[in-house]
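Kindly produce the complete structure, drawing on both the sequences and the hints.
One letter stands for each residue in the lines below.
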Amino acid sequence: MLEINHVSVKFSADSDVQAVEDVSFVLPEGSKLALVGETGSGKSVLLLAILRLLPETAQTRGDVLLDGKSIWQMKRKELDKIRGAVISYVPQGGGEALNPLMRVGFQVGEPLMEHKGLSRKEAEAKSVSLLKRFHLGDEEALARAYPHTFSGGMRQRAMVAMGIAADPQIVLADEPSKGLDEKRVALVAETFQQLGEKSLLCVTHDLLFAGKISDHICVLYAAQQVEYGPTEKLMSAPLHPYTRDMLRAIPENGMEVDKAGFAPAHTGYENFGCRYRHRCKDCMEVCKKMPPLFTVGDEKVRCWLYADASGTADKDL
Amino acid sequence: MKKRKKVNIPVLAGSLIIGFFVIIAIIAPAIVPYDPSATSALTYGKPSPEHLLGTNDVGQDIFSELIYGTRISMVIGIFAAVVVTCVGTLLALLSAWYGGVVDKLITGLTNLAMAVPGLALTTLLVCYLSPGILSIVVAISITAWTGTTRVLRSQILALKEEPFVKIEKAIGQRDIVIMGKHLLSNLKDIILSRGAMAVSSAMMTEASLSFLGLGAFGEKSWGAILHYAFFRNGVVRGLYWWYLPPILCTSLAVLGFMLVGYYGQQKR
Amino acid sequence: MGKYLIRRILTAVFTIYVIITVSFFMVRFMPGDPLQHLVGQEEYYYLLDTDPEELESIAEKYGLNDPLGVQYVRYLKSVVTLDFGIAYSNKKPVVENVFSCIHWTVLLSIPTWILGGLLGGVLGVLAGWRPGKRLDCVLTPIALFLNTVPSNCIGVLALALFAYKLRWVPIGGMTSGIGTGWVRTLDILKHMALPLSILVLFRCSGDFMLMKSSVSQVRHADYTTTAASKGLSDRKILFRHVMRNAMLPYMTSMCMQMGGLLSGSMMIETIFGWKGMGQLFYNAVSSRDFPTAQFCFLISAFCVVMANLLSDILVGVIDPRVTVK
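Chains as they are written, first to last, in the numbering used here: chain A, 1 to 317; chain B, 1001 to 1268; chain C, 2001 to 2325.
To be clear, the hints were calculated from the coordinates, so they are not data collected in a lab. Treat the hints with care, since some could be wrong.
What the hints assert, rightly or not - With a straight-line cut-off of 30 angstroms between C-alpha atoms, the simulated DSSO-like cross-links for lysine-lysine are:
1. 178/A x 1166/B
2. 2236/C x 10/A
3. 1166/B x 1188/B
4. 1188/B x 1104/B
5. 75/A x 132/A
6. 2165/C x 2133/C
7. 233/A x 288/A
8. 1169/B x 1104/B
9. 198/A x 2236/C
10. 2275/C x 2165/C
11. 281/A x 212/A
12. 75/A x 2275/C
13. 212/A x 132/A
14. 81/A x 116/A
15. 132/A x 121/A
16. 2003/C x 126/A
17. 1046/B x 2165/C
18. 69/A x 198/A
19. 75/A x 2133/C
20. 10/A x 75/A
21. 281/A x 198/A
22. 2133/C x 1104/B
23. 2236/C x 116/A
24. 198/A x 116/A
25. 2236/C x 69/A
26. 77/A x 126/A
27. 198/A x 178/A
28. 77/A x 2133/C
29. 2236/C x 77/A
30. 10/A x 2133/C
31. 121/A x 2236/C
32. 132/A x 2165/C
33. 81/A x 2133/C
34. 81/A x 2275/C
35. 212/A x 178/A
36. 178/A x 1160/B
What the hints assert, rightly or not - Covered stretches of chain C, going by a simulated chain B footprint (3 or more residues, C-beta under 8 angstroms):
37. 2147-2157
38. 2254-2268
39. 2294-2302
Since this is a predicted model, take the numbers as computed values, not measurements. We treat Cβ as the ideally placed atom computed from N, Cα and C, and that holds for glycine.
Structure (structure tokens):
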């Protein structure tokens, strides 16, 4: 079980950038959670923060617990035994997440060398069978090839194979559907459905994709958690106006795009009130104050509309 | 939002150094105590109230030489840098904007010029050309433009994909207008900092050439002062007031332009 | 790979051809009578005054009255057969002069290349991998400073201090002309110490900055994060993933420097009276000994082009992305 406790991430270079602000949720064993948000909502940063993969310029607060033990307090040696073996990270398919100068087979098998004591040869042989699970076609040749010969979808599936190589309990995936066409997205979704008992924490901007692979969804907006709930409920009856607008923007639902603007910049968040209020159709006077995270049944939502419906609000904010 | 712009200390320091030398160069005639080319009976003179930095082998006042040398060194450095930057920018614009054959030609030319040993060609050219400020500038610039062209070409290629450029192109705006309004205005920071770097490297090359006695004829730059200090026994006799000042001036001026160029670019 | 290789080799051959051609036309189209560049300035004016017929016969002998095309072909032939005529300075064949001093330059430049490359590379990796730590904070300003001081300035300063003031090392030259065997070797080493140290210092600071920026760039690459996410130790990340990629630009630069082995130390050779290629070139240029200067230029250009070719081949072997395009 993975617990995210009040995690905040701030970058200070020229000016302070609040990338993630006080996000908490729990990922029970075997569950699939999708973190949904638009570009710049802080979702990828949060994912990297879990395994302490952020650059040194990041300042973090809060804690991340694995089965009750803090990952953030661990010594590096202990952490190295978790990374890849218990919790693995599947990077974005675009860009250079695979080392361009090394063969794909070696990189896919590398976690096995690290955690299962396999030799380089054994690991590379195993990586072929791993690739086969995701139907890339002619896996032996692909394992010997270099990443630049792969298409985006192939690279993405190879990286999922890399992520599950050492048989981890939890898989963290970053934007696996980004930049792929519909057919490839379906293939990648299928790939994730093969994870079985493993827990999955998947970051995506694509609500439809999230609906296919998750049992719970957590929506982030401008570094904050705005809604959390079971996937089916959230997709059919969203609570937060942002989630509603997002669902309405999906092509199947009429593609009604809100043109009111973007999320506020990452600075000057203090005293802004509800960060969605400039784009929100239900904006009220009270929205100039930051709403807390209200609990509505088994869902959570950060919106004043639910002030009466909820029994309890989280203590802070 | 209310973020104040941090003062860029290296750039400020560099600008102060450059400003100092520019002022010296402009007011040179007003502050020199002697005509720098006038000889006197006092040869190898030690520093004294009359001659702040002593006199050289033919009795010329070294302090006055140094002040006038500022003019020559700065003029050649800046002149060469302007040539290098203009040529580099123009070629980059042509090659990135028009693509195709033009691009192939210019890229080929760039690669070719990069394959030639720079200082050797420059030295050879100086040897063939009649010695003068113009030929020094030509010799310095002949291989120095390649870096600017390469950097700017890739920048312009990226800019070409930006929506605001694509839109202008689609509505049939004239090339020259797009280049001036969008490309150059977006690249002006990079061009300026490449220009500052070009000044520093041109000054270094000039210092090397004139140290070898291949500088502009009759115009004594800092490098030329060092040339005489070295080849006319200044070093042998330990006359540090002769060889040290041109070294310090050259290094300081180069440092000034380098700071502006290097750190001016990094902030973005 | 084969195609890539052939294209690179053809490019190199073409580059050399262009350089040779340019050097031919440079002499012909420079201001002044080309004859002046062929026989030397003093000789030219002397003959012009006293014996114009002799001058004319020289022009005839060099074929300056022939059409340009004929001259060009003849020039190409002489380049291929390494026939660059007689040096003005000592009336010996140019080629002989040059080959008699190449080894002195190599004696300085090879150790510079190796020591500077190793030292700068290792320090650069350490500083780039742990930016902001003590090593980085101490070395980076020093390297930046060295980049802003012209090498002749440092050379003059070092000569004044160590040779004249402190008298630790000889003031110049390559030997004192004494002894044989070990005594001679030791003597040469003593003469080498100062110029070599300065060359290594400069090369080292340049290589340091290069390696540092290359490593710190790769350190923030996506694949480095991926490597860390697999549970690799810092040591494994550095040596298995970062180094391989950071070495690519460094290797290219090392090859380029190899191309400059013959022409790169002109300034230091001149200051320390080291009679190598650099000083030969300098003397040729300052005494307007054009055949020698031209041959020196061509030979160093040839080295640079060959080094470029070598670096292209090495990159092609290491980087799988290059050969596909």
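So, going through the hints one by one against the coordinates:
The hinted pair formed by residue 178/A and residue 1166/B meets the criterion: a straight-line CA distance of about 24 angstroms does not exceed 30 angstroms. With a C-alpha separation of about 29 angstroms, the suggested pairing of residue 2236/C with residue 10/A holds against the 30 angstroms cut-off. Taken as a hint, the residue 1166/B and residue 1188/B pair is honoured in the structure, with Cα atoms around 20 angstroms apart against an allowance of 30 angstroms. Under the criterion of a C-alpha separation no larger than 30 angstroms, the hint pairing residue 1188/B with residue 1104/B is consistent with the structure, at around 25 angstroms.
At roughly 36 angstroms between alpha-carbon atoms, residue 75/A and residue 132/A are farther apart than 30 angstroms, so this suggested pair is violated. Under the criterion of a C-alpha separation no larger than 30 angstroms, the hint pairing residue 2165/C with residue 2133/C is inconsistent with the structure, at around 37 angstroms. Annotation: proposed proximity of residue 233/A to residue 288/A holds, straight-line Cα distance about 28 angstroms (limit 30 angstroms). Only pairs whose Cα atoms come within 30 angstroms are accepted, and residue 1169/B paired with residue 1104/B is accepted, the gap being roughly 22 angstroms.
Under the criterion of a C-alpha separation no larger than 30 angstroms, the hint pairing residue 198/A with residue 2236/C is consistent with the structure, at around 28 angstroms. About 24 angstroms separates the Cα atoms of residue 2275/C and residue 2165/C, which keeps this hinted pair within 30 angstroms; it holds. Under the criterion of a C-alpha separation no larger than 30 angstroms, the hint pairing residue 281/A with residue 212/A is consistent with the structure, at around 28 angstroms. Our distance criterion of 30 angstroms between C-alpha atoms is broken by residue 75/A and residue 2275/C, whose separation comes to about 59 angstroms.
Distance hint between residue 212/A and residue 132/A is fulfilled; the C-alpha atoms sit about 23 angstroms from each other, no more than 30 angstroms. A hinted pair counts as satisfied when its Cα atoms are at most 30 angstroms apart, and residue 81/A with residue 116/A qualifies at roughly 11 angstroms. For the given pair, residue 132/A sits about 17 angstroms from residue 121/A by alpha-carbon distance, which is consistent with the 30 angstroms threshold. A C-alpha spacing of about 34 angstroms is found between residue 2003/C and residue 126/A, which places the hinted pair above 30 angstroms, so the restraint is violated.
Between residue 1046/B and residue 2165/C the alpha-carbon distance is near 18 angstroms, which keeps this suggested pair within the 30 angstroms criterion. Restraint check for residue 69/A and residue 198/A: satisfied, since their Cα atoms lie roughly 19 angstroms apart, inside the 30 angstroms limit. Pair hint residue 75/A plus residue 2133/C holds up; C-alpha atoms about 21 angstroms apart against a cutoff of 30 angstroms. Of the pairs offered as hints, the one joining residue 10/A and residue 75/A holds, with about 22 angstroms between alpha carbons and a cut-off of 30 angstroms not exceeded.
Taking the CA atoms of residue 281/A and residue 198/A, the gap is about 40 angstroms. The hint is violated against a cut of 30 angstroms. The straight-line distance between the Cα atoms of residue 2133/C and residue 1104/B is roughly 44 angstroms, outside the 30 angstroms bound, and the hint therefore fails. Proposed proximity of residue 2236/C and residue 116/A is supported: the alpha carbons are some 16 angstroms apart, at most 30 angstroms. Distance restraint check for residue 198/A and residue 116/A: the Cα-Cα separation of roughly 18 angstroms lies within the 30 angstroms cut-off, and the hinted pair is therefore satisfied.
For a cut-off of 30 angstroms, the pair hint linking residue 2236/C to residue 69/A stands: about 26 angstroms separates their Cα positions. Of the supplied pair hints, the one linking residue 77/A and residue 126/A holds, its CA atoms being roughly 26 angstroms apart against a limit of 30 angstroms. Between the alpha carbons of residue 198/A and residue 178/A the distance comes to roughly 22 angstroms, so the proposed pair stays at or under 30 angstroms and holds. For the proposed pair residue 77/A and residue 2133/C, the alpha carbon gap of about 22 angstroms is at most 30 angstroms, so the pair holds.
The straight-line distance between the Cα atoms of residue 2236/C and residue 77/A is roughly 13 angstroms, inside the 30 angstroms bound, and the hint therefore holds. Restraint check for residue 10/A and residue 2133/C: the C-alpha separation of about 22 angstroms stays at or below 30 angstroms, so the hint holds. Between the alpha carbons of residue 121/A and residue 2236/C the distance comes to roughly 18 angstroms, so the proposed pair stays at or under 30 angstroms and holds. A hinted pair counts as satisfied when its Cα atoms are at most 30 angstroms apart, and residue 132/A with residue 2165/C does not qualify at roughly 75 angstroms.
For the suggested pair residue 81/A and residue 2133/C, the alpha carbons sit about 27 angstroms apart, so the restraint of at most 30 angstroms is met. Taking the CA atoms of residue 81/A and residue 2275/C, the gap is about 61 angstroms. The hint is violated against a cut of 30 angstroms. Under the criterion of a C-alpha separation no larger than 30 angstroms, the hint pairing residue 212/A with residue 178/A is consistent with the structure, at around 15 angstroms. Taken as a hint, the residue 178/A and residue 1160/B pair is honoured in the structure, with Cα atoms around 24 angstroms apart against an allowance of 30 angstroms.
Judged by the Cβ-Cβ criterion of 8 angstroms, the segment 2147-2157 of chain C is covered by chain B as claimed, because 9 of its residues qualify and three suffice. Check on the segment 2254-2268 of chain C: 5 of its residues sit with their Cβ under 8 angstroms from a Cβ of chain B, so the three-residue criterion for coverage holds. Chain B is given as covering the segment 2294-2302 of chain C, and this holds because 5 residues of the stretch bring a CB closer than 8 angstroms to a CB of that chain, at least three being needed.
Violated hints, listed in ascending order, are 5, 6, 12, 16, 21, 22, 32, 34; each of the other numbered hints is respected by the structure.
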